[in-house]
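Participant: Can you join these two chains into the complex? Each is in its own frame, and there are hints to help.
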Amino acid sequence: NAGVTQTPKFQVLKTGQSMTLQCAQDMNHEYMSWYRQDPGMGLRLIHYSVGAGITDQGEVPNGYNVSRSTTEDFPLRLLSAAPSQTSVYFCASSYSQGLYEQYFGPGTRLTVT
Amino acid sequence: GENVEQHPSTLSVQEGDSAVIKCTYSDSASNYFPWYKQELGKGPQLIIDIRSNVGEKKDQRIAVTLNKTAKHFSLHITETQPEDSAVYFCAASGVLSMDSNYQLIWGAGTKLIIKP
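First to last, the sequence lines map onto chains A and B.
To get our numbering, take the position in the first sequence, counting from 1, and add 3.
To get our numbering, take the position in the second sequence, counting from 1, and add 1485.
Just chain B, with the same shape it has in the complex (with noise of 0.2 Å):
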């Protein structure tokens, strides 16, 4: 089945600085990659999503790329701000086993630091 694996797991930058969350997928028959935002105390909130016909996708300060070939997708945020502080975690379509349906299989979660 698929595996998600998601880097690093604690991330510190400077307030206004860039950060970069990188996720790699095995399955190649993936082809929706979500990436969701967790404050503390509360669930996983969609921020941003890509699908496997696009390369980029751009949204205000947040953006996503993706790599086919080398199946790794990852997560860029610019002229980070405090409220940016929280848990980041990607997704890949895939099945848990030969026999299951689609699912959202997920990464270990990054933990964003924004240092004032």
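Bound conformation, chain A alone (with noise of 0.2 Å):
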């Protein structure tokens, strides 16, 4: 199993540039969630999903779309890419509503300037 795959590992944008970061799980897992990471904040929960169709926003969702059309993708959409979004993005995948054992990707690396 590749577990969660992410990409791109690293990405460059201008200001108001859009772009999809790409995340695959081949675990199965109901659960899909992104996560934007910044140093001294912890892990911050973008947007989720409990399944296929269904998703629901979290902590920080402003500036950002996502879709879950299968079990396997799910990935987040950049609508117009601000400074402020320089960040790592982790996506995550999990059996259980996310609260049990998460499986992280290994991240990307998002600069815009």
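Honestly, the hints are just simulated from the structure, not real lab data.
Any given hint could turn out to be false.
What the hints assert, rightly or not - Residues of chain B placed beyond 10 Å of chain A at every Cβ, according to the derived structure:
(1) 1494
(2) 1513
(3) 1537
Stated by the list, open to error - The calculated lysine-lysine pairs, modelled on DSSO-like cross-linking and capped at a C-alpha distance of 27 Å, are:
(4) A:12 / B:1596
(5) B:1600 / B:1507
(6) B:1600 / A:12
For every residue, glycine included, the Cβ atom is placed at its ideal position computed from N, Cα and C.
Facilitator: Put into structure tokens, the structure is as follows:
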């Protein structure tokens, strides 16, 4: 099993550009989520999904969109990139509700200039 | 909603000594408390967790203790080794707001440095 995969590993965007961060898992997990990690702030939940076709907002959803058309994939779309979105983004998946063991991808380091 | 505070932000210990990282939480309804380890360039990985009906849990050199009355929990690492150097995150189950689902609320992280 590959676990949770994320692409790309690194990305530089100009302010106003849009892009999609890809996330896929091969563990048949129902729950998937996106976090951003900023220095001194831990992990903050952006959006999450409890199954295909179902998504919901987390703590910091503004400026991001998600969709979940299949169990395996959970892409995160930045609509119009801003410097405040410079961060490391992690995708995670879990068997149950996202409370219990979460499996994280390797992360995407995004810089917005 | 739930708030989790983690201390210290950086901890430096001599190889072979013990390390203790502490977290406090605000929501007395929280009942699940995991600890994750993040190595450089990787995503966090679960290393141990505890539920509210248990006061202590051990797994080889790591242990977690929970004090529900005081609303704090701690990670203990004994006989530290160079491979223990990483960032450690605590988390607690809780709600972000009154109308949101239960999620994990994360501490800010502790960078553990093991000195040879």
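Participant: Does each hint hold? Answer for all of them.
Facilitator: Quick rundown of the hints versus the structure:
1. 1494: violated, 7 Å
2. 1513: Given a closest Cβ separation of 17 Å, the condition holds.
3. 1537: Nearest chain A Cβ is 12 Å from residue 1537 of chain B, so the label holds.
4. A:12 / B:1596: With a Cα-Cα distance of about 23 Å, the restraint between residue 12 of chain A and residue 1596 of chain B holds, given a limit of 27 Å.
5. B:1600 / B:1507: holds, 20 Å
6. B:1600 / A:12: With a Cα-Cα distance of about 30 Å, the restraint between residue 1600 of chain B and residue 12 of chain A is violated, given a limit of 27 Å.
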